[in-house]
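**Student:** So you can see what is in the structure, the chains are spelled out below.
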Amino acid sequence: MSVSRRQFLTTSVAALTSAGLGARSEGMAFISRALPTARRTSRVTVASCLPESPAAEQFRALALVAVDAARQGGADYADIRIGVLREIYPPSVQIALGYGVRARVRDAWSFQHGTILTTDAVAAAARSATLGAHVAAETNARFRSMVAGSAHTTAIDVVDSISDSISAPVVRGVWESPVAIDPFSVTVDDYQRLTASLGLMLDRLGFVSGNGGVYWGVETRVFAATNGSLVTQTTTRGGLTLSVSATLPHNMLDTVDFTVPGFGWTSAGFEAALRSDIATRMAEIAEETIRWRALPFRRFSDVGRYPVVFDGNVMANVIGHTVSLALDSDRAVGNEIEASGRSFLTPIAEVVTASKPAFSPLLTMTSGRETPSATAVRWDDEGVTPETFSLVDKGHVVDYYTTRETAPVLADWYRRRGTPLRSRGCLVAPTPGSIPMASGGDVRVAPGEQGTTIGALTRDMSHGFLLLGGAEVIASPGLTGGYMRPNITVEIQRGLPVARLSNVWLAFSTKALFEKGLVALGDGSTMRTADVDTYKGMPWETFRHPLTAPAALCKEIDVMQTDVHG
Amino acid sequence: MRETTVVPDTPTSPVLSSDALTTLAHQILDMTTVDVASVTVTHRAAGITRVSRNHVRLTDSGDTLQLALRLGFGGRGQIGIRINQIDPDTLHRAVQYLERIAHEQPGDPAPTPRSMPLPSPPYPHNTSWSDGTARALSLDRHGVAAAVVRPVLEAGLTGTAFIGVAAESKMYADKQGACITGQSTDAEIAVTAWDPDSPDGPASSGWAGAASRSWGTLDSHRIAADAVHLARLASHPIKLEPGRRTAILGRPAMAQIVRAMGRDYDAGATLMGFTPLSDHKLHDRILDTRITLRSDPNDPDGGYLPFTDYGDPRYAMTWLEHGRLTNLAYAPRFAATSGVAQGNPWPESLRLTAETGPLLTVDEMIANCAEGIYVNRVADIDMVHRKSGLLTGVTSGGCFLIRNGKIEKAVKDFRFMDSAYFFLNKLVAVGQAERTAFGYAPWHGEWPIAPTIVPPVMVHDFNFSALAENV
Numbered sequence: 419m420s421v422s423r424r425q426f427l428t429t430s431v432a433a434l435t436s437a438g439l440g441a442r443s444e445g446m447a448f449i450s451r452a453l454p455t456a457r458r459t460s461r462v463t464v465a466s467c468l469p470e471s472p473a474a475e476q477f478r479a480l481a482l483v484a485v486d487a488a489r490q491g492g493a494d495y496a497d498i499r500i501g502v503l504r505e506i507y508p509p510s511v512q513i514a515l516g517y518g519v520r521a522r523v524r525d526a527w528s529f530q531h532g533t534i535l536t537t538d539a540v541a542a543a544a545r546s547a548t549l550g551a552h553v554a555a556e557t558n559a560r561f562r563s564m565v566a567g568s569a570h571t572t573a574i575d576v577v578d579s580i581s582d583s584i585s586a587p588v589v590r591g592v593w594e595s596p597v598a599i600d601p602f603s604v605t606v607d608d609y610q611r612l613t614a615s616l617g618l619m620l621d622r623l624g625f626v627s628g629n630g631g632v633y634w635g636v637e638t639r640v641f642a643a644t645n646g647s648l649v650t651q652t653t654t655r656g657g658l659t660l661s662v663s664a665t666l667p668h669n670m671l672d673t674v675d676f677t678v679p680g681f682g683w684t685s686a687g688f689e690a691a692l693r694s695d696i697a698t699r700m701a702e703i704a705e706e707t708i709r710w711r712a713l714p715f716r717r718f719s720d721v722g723r724y725p726v727v728f729d730g731n732v733m734a735n736v737i738g739h740t741v742s743l744a745l746d747s748d749r750a751v752g753n754e755i756e757a758s759g760r761s762f763l764t765p766i767a768e769v770v771t772a773s774k775p776a777f778s779p780l781l782t783m784t785s786g787r788e789t790p791s792a793t794a795v796r797w798d799d800e801g802v803t804p805e806t807f808s809l810v811d812k813g814h815v816v817d818y819y820t821t822r823e824t825a826p827v828l829a830d831w832y833r834r835r836g837t838p839l840r841s842r843g844c845l846v847a848p849t850p851g852s853i854p855m856a857s858g859g860d861v862r863v864a865p866g867e868q869g870t871t872i873g874a875l876t877r878d879m880s881h882g883f884l885l886l887g888g889a890e891v892i893a894s895p896g897l898t899g900g901y902m903r904p905n906i907t908v909e910i911q912r913g914l915p916v917a918r919l920s921n922v923w924l925a926f927s928t929k930a931l932f933e934k935g936l937v938a939l940g941d942g943s944t945m946r947t948a949d950v951d952t953y954k955g956m957p958w959e960t961f962r963h964p965l966t967a968p969a970a971l972c973k974e975i976d977v978m979q980t981d982v983h984g
Numbered sequence: 334m335r336e337t338t339v340v341p342d343t344p345t346s347p348v349l350s351s352d353a354l355t356t357l358a359h360q361i362l363d364m365t366t367v368d369v370a371s372v373t374v375t376h377r378a379a380g381i382t383r384v385s386r387n388h389v390r391l392t393d394s395g396d397t398l399q400l401a402l403r404l405g406f407g408g409r410g411q412i413g414i415r416i417n418q419i420d421p422d423t424l425h426r427a428v429q430y431l432e433r434i435a436h437e438q439p440g441d442p443a444p445t446p447r448s449m450p451l452p453s454p455p456y457p458h459n460t461s462w463s464d465g466t467a468r469a470l471s472l473d474r475h476g477v478a479a480a481v482v483r484p485v486l487e488a489g490l491t492g493t494a495f496i497g498v499a500a501e502s503k504m505y506a507d508k509q510g511a512c513i514t515g516q517s518t519d520a521e522i523a524v525t526a527w528d529p530d531s532p533d534g535p536a537s538s539g540w541a542g543a544a545s546r547s548w549g550t551l552d553s554h555r556i557a558a559d560a561v562h563l564a565r566l567a568s569h570p571i572k573l574e575p576g577r578r579t580a581i582l583g584r585p586a587m588a589q590i591v592r593a594m595g596r597d598y599d600a601g602a603t604l605m606g607f608t609p610l611s612d613h614k615l616h617d618r619i620l621d622t623r624i625t626l627r628s629d630p631n632d633p634d635g636g637y638l639p640f641t642d643y644g645d646p647r648y649a650m651t652w653l654e655h656g657r658l659t660n661l662a663y664a665p666r667f668a669a670t671s672g673v674a675q676g677n678p679w680p681e682s683l684r685l686t687a688e689t690g691p692l693l694t695v696d697e698m699i700a701n702c703a704e705g706i707y708v709n710r711v712a713d714i715d716m717v718h719r720k721s722g723l724l725t726g727v728t729s730g731g732c733f734l735i736r737n738g739k740i741e742k743a744v745k746d747f748r749f750m751d752s753a754y755f756f757l758n759k760l761v762a763v764g765q766a767e768r769t770a771f772g773y774a775p776w777h778g779e780w781p782i783a784p785t786i787v788p789p790v791m792v793h794d795f796n797f798s799a800l801a802e803n804v
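Residue numbers (the working numbering), protein chains in the order written: chain C, 419 to 984; chain E, 334 to 804.
By construction, these hints were calculated from the structure, which means they are not laboratory data.
We put the beta carbon where it would ideally sit given N, CA and C, even for glycine.
Be aware that one or more of the hints could be misleading.
[Claimed, not checked] Sample of chain C residues at the chain E side, in silico, Cβ under 8 Å:
id, residue
1, Asp-525
2, Val-553
3, Thr-557
4, Tyr-901
Looking at chain C on its own, in the form it has when it is part of the complex (with noise of 0.2 Å):
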């Protein structure tokens, strides 16, 4: 039996009104009466339940027993993450303590990772790390002697000027994410009535459904080095996750599926989850769900070039897998050659310094891990304190993610611009066992003028497309240009959106995009964040961050089928 679109709206509407998801807000009242604020005080708590975990202290003595043990070793410098993870994704939990040792011999590092947290496991490993790095700093002289006057000196002098790390204030202290409910002091009752009725609101939305996801993870990591530093950091981070999803019975597979904007991870505790929007918010997205979903519904055909404007998520995504990674200057100095990859934005002396801009001068970006962010720290995984810094300023590159290893390489320029050389706090290890590499903190791309809406951009459009709800990106392995393929594809004729199309794709080369093509940006009510997964090291490694960015009107874009091969 088939539901026509009328009957669709129809239904899920009162399925709405009939779930108090609108404005009269019973579905708060809902969501209030199975928060903390009636909590059963006799139940007990997340953490009474759980193996306890070391305290800082005792990481504190363990990393600078590290430290000790790489500093008579020999290495030129050393340091270590060590500490302890408590996630929760109610009812499961996940416990996970780990340390990683990282130590450099001349132009050589080594590191050595573990989980045994006794003073005899982490000393060795702080000895093996060592070791490690005074043999590949042996292998390395070899190498060199090998090459010695011919074209490769070129190649390791480059390395050799980027591996003298610069030196970094010796930091020490406590920090603590500001946080007002720990979410490990919430009763287990507390989570199972804020499980269940987000269950219960969520499938009470008839044609609608919707997802919503629970997770808090809270992190002690200790960070010591041979130059002193000392500091702890306590960082909470989650929240909840909720989309919403509208499809018809009689075809499964045709889904509208937007995440619920403002909802995330975030840099706060159980407090999160206690917001009076939630039942609003969740309507306002399922209202837009269905009306998106009762669109007509047709095979994209009409490959050719045409305008096309991305919501804040697609470009979010866009600018995510391509700019922001061509930032990453473990990318642009080709310590990612073998892994994930190179970057178009080479050789930086000569990108920093053009006086053409490398992109349109709509865009400028930052990046900065200051709360209430995901990314929130005080010290970065090597003891700097990160700043929020500009990254493309009005098209021009000025700055990278950049490492105590990789800022030299922008000495000149920041000479030039009178700014002291320093890294920006970009290393990141996702775990204390990983090997800490560059990545980019809460990236922000500024928005347009104000009154800029999706509206608005695509109002003048005679025919094109407007890309919704995120893009799957694919790009090329220097970022120079990828795919996209979005999440719903919207036919524009006129000004109006006229029909939703299946297998669509589009192709783009990154600078034509970004430097010509990009034509407005929308305003601050079209920013949408997404989370940016990334890969690098070999063997890889997610990297993920938070990107921010505005609706975008773009020119001449190739749009594909995904379903004809050529």
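We have chain C; now place chain E onto it with these hints.
**Tutor:** Just chain E, lined up with the frame of chain C:
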């Protein structure tokens, strides 16, 4: 009475022994009286050396441990805890947490057929362990790094290399008496070399690699020599118009493509209409009749542990025989409800072979090609259209124009867009299947990637859709 399947231990193991894991399993499961309880322990050790531009960039070694304990009361939802410490107090508290929480989960407290683990099945033998590889974890990998970089330097080239050795010990046990343990090892060497004077630099490189459960079978000198040979050929590439062309796909290219085919054999996804096999019935011809596709935990060129993290057995299966669909992978519980005698998870490890007709080497394929492209390796694999198996990726580590039976020129890398279900029906020639390395390949999961044993192939009308630098 608990049944235990144990792989013989070795004195050189850098990971927890089967005995240690079995003792641990009994210790944990004896702590709880809950009927539905299972535990998986995975202990991994790895040693890595990365060479970047003729320079040892980094060495990395260490181990990780993870214990996943799942517990449930009757038909109530199961819950889990993951920890990485195995001292008695931590284990006791973890069990206590689960028991307390599991009681409060919604659902019927009485056991249901769905809530109970399936009976303990017979498991195939495990053959994926090598003492030599385990010993290599404590060897000086820098010696190997020097061995693979020296030929690159002597050839006047610049190079990168990856040398990785890994060992894993895994155990699954449950309250119903199942207890299976197994250990595996793996090793990989990959070298990329390029002419520093070539205007494209590392974008016109030669890549060579090998992977094996057994470290001793890896020939670092040959790998380096192959990378040098390809790098010399790859220098100063020309631009060539994209389009449909005859292609010779080397083993490293085929491995990346074939690895992406495993999920297509998942019965659930296929029956729901999601895979290239959805419109076919068993015994339909899917690919060229020369092609057979199998998985075997005891494959002599790269077996794998014969069980999953949830204790499900992995049996030897033939998915395609002479091009015809012979089996789909039914997850054990789905198999039980679908009347399928033997469940099996979808294959992560595959062997694609030609069992009829002559087997040609890549050189022989080139000699028999009037005009075409030889692709040594592809990278950045992504699924474009799952229903047709349409993949995209870029050529990487050697791409050459063939004319009149010879390599004429190196060409700039292409993006391709094609499906194995299309191009393996346009097969011209096929070679001997061997396991190959993947190099950087996060699109295929964690390193080390399950063995993929493939031949080089020559096919008509392969779709080179664009120049890689353009998209």
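**Student:** Using 8 Å as the Cβ threshold, decide whether C:Tyr-901 counts as touching chain E.
**Tutor:** 6 Å, holds
**Student:** Hint validation: C:Asp-525 versus chain E, beta carbon distance must be below 8 Å. Holds or violated?
**Tutor:** 7 Å, holds
**Student:** Taking the closest Cβ pair, is C:Val-553 under 8 Å from chain E?
**Tutor:** At 5 Å from the nearest chain E Cβ, C:Val-553 passes the 8 Å test, so the hint holds.
**Student:** A closest beta-carbon separation below 8 Å is what the hint needs, so does C:Thr-557 meet it against chain E?
**Tutor:** 5 Å, holds
Of the hints listed earlier, there is not a single one the structure fails to meet.
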